[in-house]
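Novice: With chain X fixed as given, assemble chains E and L onto it according to the hints.
Protein chains in written order, with the working numbering: chain X, 1 to 141; chain E, 1 to 544; chain L, 1 to 98.
Quick caveat, the hints were computed from the structure, so don't treat them as lab data. Treat the hints with care, since some could be wrong.
To be verified - DSS-like, lysine-lysine: derived pairs with alpha carbons at most 25 angstroms apart:
| no. | chain 1 | residue 1 | chain 2 | residue 2 |
| --- | --- | --- | --- | --- |
| 1 | E | Lys-167 | E | Lys-37 |
| 2 | L | Lys-27 | E | Lys-429 |
| 3 | E | Lys-167 | E | Lys-275 |
| 4 | E | Lys-24 | L | Lys-10 |
| 5 | L | Lys-87 | E | Lys-97 |
| 6 | L | Lys-87 | E | Lys-429 |
| 7 | E | Lys-275 | E | Lys-37 |
| 8 | L | Lys-10 | E | Lys-97 |
| 9 | L | Lys-70 | E | Lys-37 |
| 10 | L | Lys-70 | E | Lys-97 |
| 11 | L | Lys-70 | E | Lys-473 |
| 12 | L | Lys-27 | E | Lys-97 |
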Amino acid sequence: MVDAIRLRDDDVHEEPAVSLDSFLDQSNATAVRIEAGEDARQLLPFLDHLSLIEIDFPVFGDGRGYSAAQILRESGYTGELRASGDVLLDQLAYMRRCGFDAFAPDSPINPELMQQALSRYDHVYQATSDQRTPIWRLRHG
Amino acid sequence: MYQYDQYDQKMVDTRVEEFRDQVKRRIAGDLTEDQFKPLRLMNGLYLQLHAYMLRVAVPYGTLSGKQMRMLGHIARKYDRDYGHFTTRQNIQYNWIKLEDAPDILADLASVEMHAIQTSGNCIRNISSDQFAGATADEIADPRPWAELLRQWSSFHPEFSYLPRKFKFAVIASDTDRAAMRLHDIGIQLVNNEAGELGAKFFVGGGMGRTPMIAPEIRSFVPADELISYAEACLRVYNRYGRRDNKYKARIKILVHELGKEEYSRQVEEEFAHMKDLGLNPPVEELARITQYFQDPPYDQQASDDLDLSDPDFALWVDQNTTRHKQPGYAIATISLKPRGGIPGDASSAQIDLMADLAEQYSFDELRVTHSQNIVLPYVKKGDLYALWQTLDEAGLAPANLDLITDSIACPGLDYCSLANARSIPLAQKISERFADLGRQRELGELKLKISGCINACGHHHAGHIGILGVDRKGTENYQLLLGGSGAEDASLAKITGPGFTEDGVIDAIETVTDLYLEQREDGERFIDTYRRVGMEKFKEAIYG
Amino acid sequence: MNILTGNDLKTGDVIWWTGLDWSRFVKDAADVGDQGEAVLHREEAARRVNAPYIISAEQTDDGPRPGHIKDRVRALGPTVRPDLTLKPADPDAGEWVI
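If we strip away everything but chain X, and leave its shape as in the complex, we get (with noise of 0.2 angstroms):
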């Protein structure tokens, strides 16, 4: 079992992430936590110094993470996107697909079924953050 799982190749960021309301105050942080209910857009004027922002999951059934990391992928964001708390093997899929690339779960996640997870759909049916090519582009090309 792994504790924490990040699918990069870079460097793991050092520096522990702050609170939005901290980087907000202190914009020299490089690495910030958002909660569920908090703005991802406030972080888009900072993308380009960020390495790591972290998305807490409070309960796996509070969605709004999901739109979070959308959002901060879709604005150009390519530094690390960590999903925190109630992260479970069944939802990781998800995450990943609105472009979470790092998981920091509760509970430890067993890494052959994460990839298992992770491979399972061959196609989808959504253009998302992670930038796979949805049906309707492989019908039309």
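Specialist: The following block gives chains E and L in isolation, referenced to the frame of chain X:
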């Protein structure tokens, strides 16, 4: 109708295997019930009063004979030999075992069917007009747009953990046969000044604890922006819909609390971000889907003449067939509301028969209506008599479409763990009380809708006469409501006063219908007379 | 009396705690007194029951009768399909529910 290509098929096949694995993990204890519940709900599987209940999707209410036959097979092999057609055009089975669910989903996938997202806090089955493609009053067939939205909404990674469920309806006529205004998003296809087809969006309708009619949010969305606009509507909801209170979590509450102008503004703002992200399929995709919804090969020589000398047949034609856009053809509604019967239920034998009849008489196509009946949309007039005879033998020809005994009833406390009262016995007793067809036809169009609890799956807020079952100090009690409509003249029914026993509410309905007959003018329907005369007169008659 | 009920995880059958194991028949339900929570947690963790809960019931000559009509419907089956209930041959079974 739409047919899967290799991609569609792969998606449902993969989902079956994914769910099979999740069931295995649940049974082995690797998943708790709390962790498993949203996963099984997203595959239509509820834990209900008697067993697991499976809700199978019938996308926009359309299916083929082969698919219908599979529904009959599932009823026989895995359930107790019958199914229940629902107010969202789906079918439900009440006696399912968890350990069988993956095999059932595999059987469904073999005929291009599924139970994906028929429950859970995600985008549900997209409903439509049961007469689509056959009626003269639509500007286009709405179902290709519904299919485009269906694919977009299936396995949507951003919108699978919404604050609450999310329901779409799509129509393409001014006449609303799908209760479109009472959906989270209702879409009416319209033409703009240039004659181009687009979508008018109504957002924030719904029933339940706080019924609301959806306001218009956008008057025209072109085909090539449909998906990104829908995304914007959903994203605003996902971000800002309430998550603190389950009973205030639908989008109707958000739209109501923000006001339609502010909600619309937020959607436009989000839409502006999304417009150029490449989210929209090319117009070729809608064109590709539309190819599957062409007119069937009508017999252009089919005669418009009908021999109505058999009086029972004549009554059925008059009541249960609807004018077709194609000369020589008719739309036939099979009533699943036999006298004293359970509304919307069909035995596996009846299901098989309807499959056969679709293949023989309706170019292999059937529709499920949100009033829990079945439609054969393309019947040659010359075939109507033979069709009717076969239906009549099978108890499928009550001539009661839109009459008082064509009531909608949710499963209620006999089947549903959310219910406060039983709804089916009430529907059965009303059906017996008003059994005389002459009396029913005298009363005319009268939409009676019965819900066993405030969740309103029986659409009682949209009933000309609505009944709501409540729990009154441990016993079943029934509130009577009047004046609702789910059609284009949408309105919400109002409660008459204190509740009744089961027998009491049936007597009250008779009082109400007697008053209507007394008061009506000039071809008014019940709802028209009610609206003209007002609640007070009805209250006086009921309560004295 | 207090009795425990839930559903069988694999089949979905409505089941009742007998004191030793789970039965499909409410007449076998045992009074758990105030020990219900402990039994419930143990049995759920062992997956011998799914979604269990405690209800009050009245001891009658025919066995325990759940206090709420919903659980009586669960105990017997749908009142509108007597043929699908646990007592298809008993014409008075529906009366017991109501």
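Novice: Are the hints correct? Go through all of them and say.
Specialist: Status of each hint after checking the structure:
With a CA separation close to 20 angstroms, the supplied pair Lys-167(E) and Lys-37(E) stays within the 25 angstroms bound. Straight-line distance between C-alpha atoms of Lys-27(L) and Lys-429(E) comes to about 31 angstroms, which puts the hinted pair past the 25 angstroms bound. For the given pair, Lys-167(E) sits about 23 angstroms from Lys-275(E) by alpha-carbon distance, which is consistent with the 25 angstroms threshold. Distance check on the hinted pair: Lys-24(E) and Lys-10(L) sit about 10 angstroms apart at the alpha-carbon level, within 25 angstroms; holds.
Proximity of Lys-87(L) to Lys-97(E) is assessed by CA-CA distance (about 21 angstroms); at most 25 angstroms being required, the pair is judged to hold. Distance hint between Lys-87(L) and Lys-429(E) is fulfilled; the C-alpha atoms sit about 23 angstroms from each other, no more than 25 angstroms. Taken as a hint, the Lys-275(E) and Lys-37(E) pair is broken in the structure, with Cα atoms around 35 angstroms apart against an allowance of 25 angstroms. Between Lys-10(L) and Lys-97(E) the alpha-carbon distance is near 6 angstroms, which keeps this suggested pair within the 25 angstroms criterion.
For the proposed pair Lys-70(L) and Lys-37(E), the alpha carbon gap of about 22 angstroms is at most 25 angstroms, so the pair holds. For the hint linking Lys-70(L) to Lys-97(E), the alpha-carbon distance of about 21 angstroms falls within 25 angstroms, and the restraint holds. With a C-alpha separation of about 13 angstroms, the suggested pair Lys-70(L) and Lys-473(E) falls inside the 25 angstroms cut-off, and the hint holds. In summary, the hint linking Lys-27(L) to Lys-97(E) is supported, as the alpha carbons are separated by about 23 angstroms, within the 25 angstroms threshold.
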